Amino acid sequence: MSLPKRIIRETERLVSDPVPGITAVPHEDNLRYFNVTIDGPSGSPYEGGKFKLELFLPDDYPMLAPKVRFLTKIYHPNIDRLGRICLDVLKANWSPALQVRTILLSIQALLSSPNPDDPLANEVAEEWKSNEQNAIKTAREWTERFAQ
Amino acid sequence: MGNTPAKETRSPSGSFSKDNVASPKSLVGLSKRKKERDREKRRQKEQHMLDLIVRYQENVDGDYLAPYGNYKDGLNYKTDVVRELIIERKLAPFYTPLEDFDENWTDSELLSRLKRLKLHAPTSESFLDEDEDPDDHKIHQSASSMRRKEHKAFKRHLSEMSIKFQRDAESRFTRDKSVSESGIKSYPNIPSDDLLLTLYRNAVECPICFLYYPPNLNLSRCCVQPICTECFVQLKRLDPHPPHDEGAAPNTSSDSEKIAEELISEPVNCPFCAMSDFGVTYSPPNLWTGIGGRPPRDFNFIPHVIHEDPETNQGPSRSREYQRKASLSYAMTKSHSASGTPPKKSTIFSEYRTNQGQKSFEDSVSINSKNSDNSSQTKNVEGFDPARRRRGSLPATAPGVITVDLIHPDWEQKLLNAKSKLARRSAAATALHASSLIYDRDESQHTYTSRLERSYRRSDSSNGNDHNSHTSIEERMIEEALKLSLLDEEERKLKERLKR
Numbered sequence: 001m002s003l004p005k006r007i008i009r010e011t012e013r014l015v016s017d018p019v020p021g022i023t024a025v026p027h028e029d030n031l032r033y034f035n036v037t038i039d040g041p042s043g044s045p046y047e048g049g050k051f052k053l054e055l056f057l058p059d060d061y062p063m064l065a066p067k068v069r070f071l072t073k074i075y076h077p078n079i080d081r082l083g084r085i086c087l088d089v090l091k092a093n094w095s096p097a098l099q100v101r102t103i104l105l106s107i108q109a110l111l112s113s114p115n116p117d118d119p120l121a122n123e124v125a126e127e128w129k130s131n132e133q134n135a136i137k138t139a140r141e142w143t144e145r146f147a148q
Numbered sequence: 001m002g003n004t005p006a007k008e009t010r011s012p013s014g015s016f017s018k019d020n021v022a023s024p025k026s027l028v029g030l031s032k033r034k035k036e037r038d039r040e041k042r043r044q045k046e047q048h049m050l051d052l053i054v055r056y057q058e059n060v061d062g063d064y065l066a067p068y069g070n071y072k073d074g075l076n077y078k079t080d081v082v083r084e085l086i087i088e089r090k091l092a093p094f095y096t097p098l099e100d101f102d103e104n105w106t107d108s109e110l111l112s113r114l115k116r117l118k119l120h121a122p123t124s125e126s127f128l129d130e131d132e133d134p135d136d137h138k139i140h141q142s143a144s145s146m147r148r149k150e151h152k153a154f155k156r157h158l159s160e161m162s163i164k165f166q167r168d169a170e171s172r173f174t175r176d177k178s179v180s181e182s183g184i185k186s187y188p189n190i191p192s193d194d195l196l197l198t199l200y201r202n203a204v205e206c207p208i209c210f211l212y213y214p215p216n217l218n219l220s221r222c223c224v225q226p227i228c229t230e231c232f233v234q235l236k237r238l239d240p241h242p243p244h245d246e247g248a249a250p251n252t253s254s255d256s257e258k259i260a261e262e263l264i265s266e267p268v269n270c271p272f273c274a275m276s277d278f279g280v281t282y283s284p285p286n287l288w289t290g291i292g293g294r295p296p297r298d299f300n301f302i303p304h305v306i307h308e309d310p311e312t313n314q315g316p317s318r319s320r321e322y323q324r325k326a327s328l329s330y331a332m333t334k335s336h337s338a339s340g341t342p343p344k345k346s347t348i349f350s351e352y353r354t355n356q357g358q359k360s361f362e363d364s365v366s367i368n369s370k371n372s373d374n375s376s377q378t379k380n381v382e383g384f385d386p387a388r389r390r391r392g393s394l395p396a397t398a399p400g401v402i403t404v405d406l407i408h409p410d411w412e413q414k415l416l417n418a419k420s421k422l423a424r425r426s427a428a429a430t431a432l433h434a435s436s437l438i439y440d441r442d443e444s445q446h447t448y449t450s451r452l453e454r455s456y457r458r459s460d461s462s463n464g465n466d467h468n469s470h471t472s473i474e475e476r477m478i479e480e481a482l483k484l485s486l487l488d489e490e491e492r493k494l495k496e497r498l499k500r
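From first to last, the protein sequence lines are chains A and B. All letters in the first sequence, in the order written, are residues 1 to 148 by full-length UniProt numbering. All letters in the second sequence, in the order written, are residues 1 to 500 by full-length UniProt numbering.
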């Protein structure tokens with residue numbers, strides 16, 4: 001099955017006009033599957049880390065959201081141990097006018113502003129709420145240990 | 001007592017033999033009705049498939065009534081509604097997309113690309129899945145597996161037919177096109193070069209599929225963004241789901257019936273500005289070819305208009321190219337407002353005729369405003385950027401707004417089905433729970449009695465206490481049964497309403 005023009009064009013634009021701090025490279029044998037890296041945003045406990053993710057564009061894309069998952073271990077209240085991400089634009093608030101680029105930017109923004117009130121990793125969220133300084137310290141340690 | 005737990009009614013050793021005898025009869029009647037319904041469903045599906053074939057003879061303002069095929073799936077919109085809307089020029093036709101577009105292309109470059117366009121994207125037969133049924137290796141196949149197989153065979157048949165029909169339509173188009181190009185014979189439905197150029201000269205990109213279309217795309221009712229019809233028909237409500245708890249305490253499973261009632265199905269949000277209840281408006285270009293207009297073969301530029309056009313300044317030095325561009329812009333101006341009521345055909349044609357004379361640009365615009373019910377929206381017709389002509393948003397109920405729900409009206413039925421399915425499941429779970437209570441009680445008192453004995457004993461139990469708890473359980477079961485039948489009744493009523 002040939003690749004829809006939209007996916008081809010998005011890939012071209014990601015390569016020709018990359019987002020600072022984000023790379024997305026399609027697999028050679030499956031152009032719907034991307035290897036992604038996101039740099040930890042400065043000012044966040046993830047600063048200095050390079051996080052690997054995988055992104056897959058389902059058959060119904062862009063009517064359905066891309067599937068994205070962290071491959072690098074990360075200490076974050078909205079990202080669980082399997083790397084799954086709790087982010088509204090990946091679920092109910094997905095819109096076909098959004099793109100791979102905008103989704104990756106949203107994920108980068110999620111790293112800057114964790115939301116422990118809508119948690120996916122409950123223990124992390126608890127820690128974040130009860131002892132934020134300690135949580136941020138752990139997040140920084142994890143970044144140094146796993147995201148280099 | 002007939003509707004006690006499903007498990008017991010089904011067990012042949014149960015004490016409800018009366019019901020068991022009665023049920024096959026009612027099943028026969030049901031299956032007959034069901035067969036008829038199945039036949040009707042198949043007929044509808046066949047019609048749906050036929051409606052999705054792009055035929056070049058069926059065209060409105062230069063394009064077609066069926067999608068090009070950018071999306072392989074999700075074509076379950078109401079084809080009859082959409083065809084009607086396109087013919088009435090309330091929704092943009094399914095334009096054939098250009099993969100690339102460069103405004104610096106010369107006319108002949110653009111034209112050669114346009115002439116190579118096919119009616120439909122190439123179809124591959126590989127998507128017919130050949131999954132084998134899990135029951136294939138069983139000696140005795142269950143009725144449901146037979147039905148599944150039948151259904152699958154029908155589906156395969158449909159998609160094979162659709163590929164064949166599309167191929168036929170395609171080859172007919174190619175043949176007629178080449179015949180009329182060679183000048184042997186002309187076909188009224190093969191578009192003229194002028195029409196093709198007029199449509200695609202200022203092609204715009206649909207922000208969702210990234211393909212290029214003539215500039216008169218549908219516009220979102222809320223934020224006036226363009227969207228092609230093919231992407232628009234893809235949008236539909238999500239499957240019914242429980243409401244996302246906005247910070248509220250998560251519902252525990254204790255009240256599963258409530259959850260069934262709470263299932264929601266929300267209207268689609270605008271993909272661009274997230275406004276609820278997405279809808280589009282469409283203002284047709286001033287072309288009027290195809291269905292409800294003149295043959296697309298006969299479309300040509302209207303050079304006379306240009307000479308009278310005050311904006312062109314009438315200098316003899318004006319090149320033909322300039323004239324053509326101006327007339328093209330004229331043709332692509334919207335013929336009427338977004339209110340969706342097309343002006344009467346006769347006026348359109350008289351307008352064309354008067355344009356051959358001395359009608360100036362302003363005059364034809366004022367004619368347009370007179371034609372439309374909603375002249376406030378025609379005011380800025382002279383803006384040549386048709387995609388931005390309407391300013392401000394329209395409510396979903398405004399005349400001329402085509403909402404997602406209008407072409408996917410089945411959401412109500414889907415929601416009801418999901419609700420009753422969930423309610424039934426929870427009722428069955430409650431019943432199961434209740435019967436296991438009996439089981440536990442009895443088990444503790446008479447460990448070695450069989451279920452059969454138990455059920456006899458239950459009916460003439462002398463133990464008052466035991467009896468009481470049984471009656472209360474029975475009451476609950478009857479309650480559940482009543483609830484179920486009420487649900488069924490509701491569903492039936494809705495179905496009837498939908499039919500009408």
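Read the hints as simulated data drawn from the structure, not as lab findings. The structure displayed is predicted, hence computed values, not measured ones. Just to be clear, a hint being listed does not mean it is correct.
[To be verified] Here are the computed lysine to aspartate or glutamate pairs in the EDC-like style, where the Cα-Cα straight-line distance is at most 20 Å: (1) A/5 <-> B/100; (2) A/5 <-> B/412; (3) B/72 <-> A/60; (4) B/421 <-> B/496; (5) B/118 <-> B/176; (6) B/236 <-> A/59; (7) B/236 <-> A/118; (8) B/493 <-> B/474; (9) A/91 <-> A/118; (10) B/118 <-> B/170; (11) B/78 <-> B/412; (12) A/5 <-> B/205; (13) B/414 <-> B/205; (14) B/236 <-> B/410; (15) B/164 <-> B/73; (16) A/67 <-> B/73; (17) B/72 <-> A/59; (18) B/32 <-> B/412; (19) B/236 <-> A/60; (20) A/5 <-> B/488; (21) A/91 <-> B/266; (22) B/495 <-> B/38; (23) B/495 <-> B/176; (24) A/67 <-> B/176; (25) A/91 <-> B/170; (26) A/91 <-> B/239; (27) A/5 <-> B/410.
[To be verified] Some chain B residues well away from chain A (every beta-carbon gap over 12 Å; in silico): (28) 49; (29) 72; (30) 165; (31) 236; (32) 262; (33) 268; (34) 396; (35) 420; (36) 426.
[Said to hold, decoys possible] Stretch by stretch, here's where chain A covers chain B in the computed footprint (C-beta under 8 Å, at least three residues): (37) 109-115; (38) 271-284.
Using N, Cα and C, we set each Cβ at its ideal position, and we do this for glycine too.
Hints, verified against the model:
Between residue 5 of chain A and residue 100 of chain B, the direct Cα distance comes to roughly 10 Å. Compliance with the 20 Å bound is thereby established for this hinted pair. For a cut-off of 20 Å, the pair hint linking residue 5 of chain A to residue 412 of chain B is broken: about 34 Å separates their Cα positions. Note on residue 72 of chain B and residue 60 of chain A: the hinted pairing holds, with a Cα-Cα distance of about 9 Å set against a maximum of 20 Å. The hinted pair formed by residue 421 of chain B and residue 496 of chain B meets the criterion: a straight-line CA distance of about 19 Å does not exceed 20 Å.
Between residue 118 of chain B and residue 176 of chain B, the direct Cα distance comes to roughly 13 Å. Compliance with the 20 Å bound is thereby established for this hinted pair. For the proposed pair residue 236 of chain B and residue 59 of chain A, the alpha carbon gap of about 16 Å is at most 20 Å, so the pair holds. Only pairs whose Cα atoms come within 20 Å are accepted, and residue 236 of chain B paired with residue 118 of chain A is rejected, the gap being roughly 27 Å. Simply put, residue 493 of chain B and residue 474 of chain B have alpha-carbon atoms about 28 Å apart, too far for the 20 Å limit, and the pair is violated.
Under the criterion of a C-alpha separation no larger than 20 Å, the hint pairing residue 91 of chain A with residue 118 of chain A is consistent with the structure, at around 14 Å. Of the supplied pair hints, the one linking residue 118 of chain B and residue 170 of chain B holds, its CA atoms being roughly 7 Å apart against a limit of 20 Å. Taking the CA atoms of residue 78 of chain B and residue 412 of chain B, the gap is about 14 Å. The hint holds against a cut of 20 Å. Restraint check for residue 5 of chain A and residue 205 of chain B: the C-alpha separation of about 12 Å stays at or below 20 Å, so the hint holds.
The straight-line distance between the Cα atoms of residue 414 of chain B and residue 205 of chain B is roughly 34 Å, outside the 20 Å bound, and the hint therefore fails. For the hint linking residue 236 of chain B to residue 410 of chain B, the alpha-carbon distance of about 10 Å falls within 20 Å, and the restraint holds. Straight-line distance between C-alpha atoms of residue 164 of chain B and residue 73 of chain B comes to about 18 Å, which keeps the hinted pair within the 20 Å bound. For the hint pairing residue 67 of chain A with residue 73 of chain B, the CA-to-CA distance comes to about 19 Å; that is within 20 Å, so the pair holds.
For the hint linking residue 72 of chain B to residue 59 of chain A, the alpha-carbon distance of about 9 Å falls within 20 Å, and the restraint holds. A threshold of 20 Å between alpha carbons decides the hint, and for residue 32 of chain B with residue 412 of chain B the separation of about 26 Å lies outside it, so the pair is violated. Among the hinted pairs, residue 236 of chain B with residue 60 of chain A is consistent with the structure: their alpha-carbon atoms are about 13 Å apart, no more than 20 Å. With a C-alpha separation of about 46 Å, the suggested pairing of residue 5 of chain A with residue 488 of chain B is violated against the 20 Å cut-off.
With a CA separation close to 14 Å, the supplied pair residue 91 of chain A and residue 266 of chain B stays within the 20 Å bound. Taking the CA atoms of residue 495 of chain B and residue 38 of chain B, the gap is near 15 Å; set against the 20 Å cutoff, the hint holds. Under the criterion of a C-alpha separation no larger than 20 Å, the hint pairing residue 495 of chain B with residue 176 of chain B is inconsistent with the structure, at around 46 Å. Restraint check: the Cα-Cα separation between residue 67 of chain A and residue 176 of chain B comes to about 45 Å, which exceeds 20 Å; the hinted pair is violated.
Distance hint between residue 91 of chain A and residue 170 of chain B is unfulfilled; the C-alpha atoms sit about 39 Å from each other, more than 20 Å. At most 20 Å may separate the alpha-carbon atoms for a hinted pair to count; residue 91 of chain A and residue 239 of chain B meet this at roughly 13 Å. Proposed proximity of residue 5 of chain A and residue 410 of chain B is contradicted: the alpha carbons are some 30 Å apart, above 20 Å. Every C-beta of chain A lies more than 12 Å from that of residue 49 of chain B, the closest at about 20 Å, which supports listing it as non-interface.
Distance to chain A contradicts residue 72 of chain B as a non-interface residue, since its nearest Cβ pair spans about 7 Å, not more than 12 Å. The Cβ of residue 165 of chain B sits about 21 Å from the closest Cβ of chain A, beyond the 12 Å cut-off, so the non-interface label holds. Distance to chain A contradicts residue 236 of chain B as a non-interface residue, since its nearest Cβ pair spans about 9 Å, not more than 12 Å. For residue 262 of chain B, the shortest C-beta to C-beta distance to chain A comes to about 16 Å, beyond the 12 Å cut-off, and the non-interface label holds.
Consistency note on residue 268 of chain B: stated as away from chain A, yet its beta-carbon is not over 12 Å from all of that chain's, at 9 Å minimum. Interface exclusion of residue 396 of chain B from chain A stands, the closest Cβ pair being 17 Å apart, more than 12 Å. With 12 Å as the threshold on Cβ separation, the claim that residue 420 of chain B sits away from chain A holds: the shortest Cβ distance comes to roughly 24 Å. Non-interface status of residue 426 of chain B relative to chain A is upheld: no Cβ of that chain comes within 12 Å, the nearest being about 24 Å off.
A count of 0 residues in the region 109-115 of chain B with a Cβ less than 8 Å from any Cβ of chain A is obtained; the coverage claim is therefore unmet, three being the minimum. As drawn, the region 271-284 of chain B meets chain A at 3 residues by the rule of a beta-carbon pair under 8 Å; at three or more, the given contact holds.
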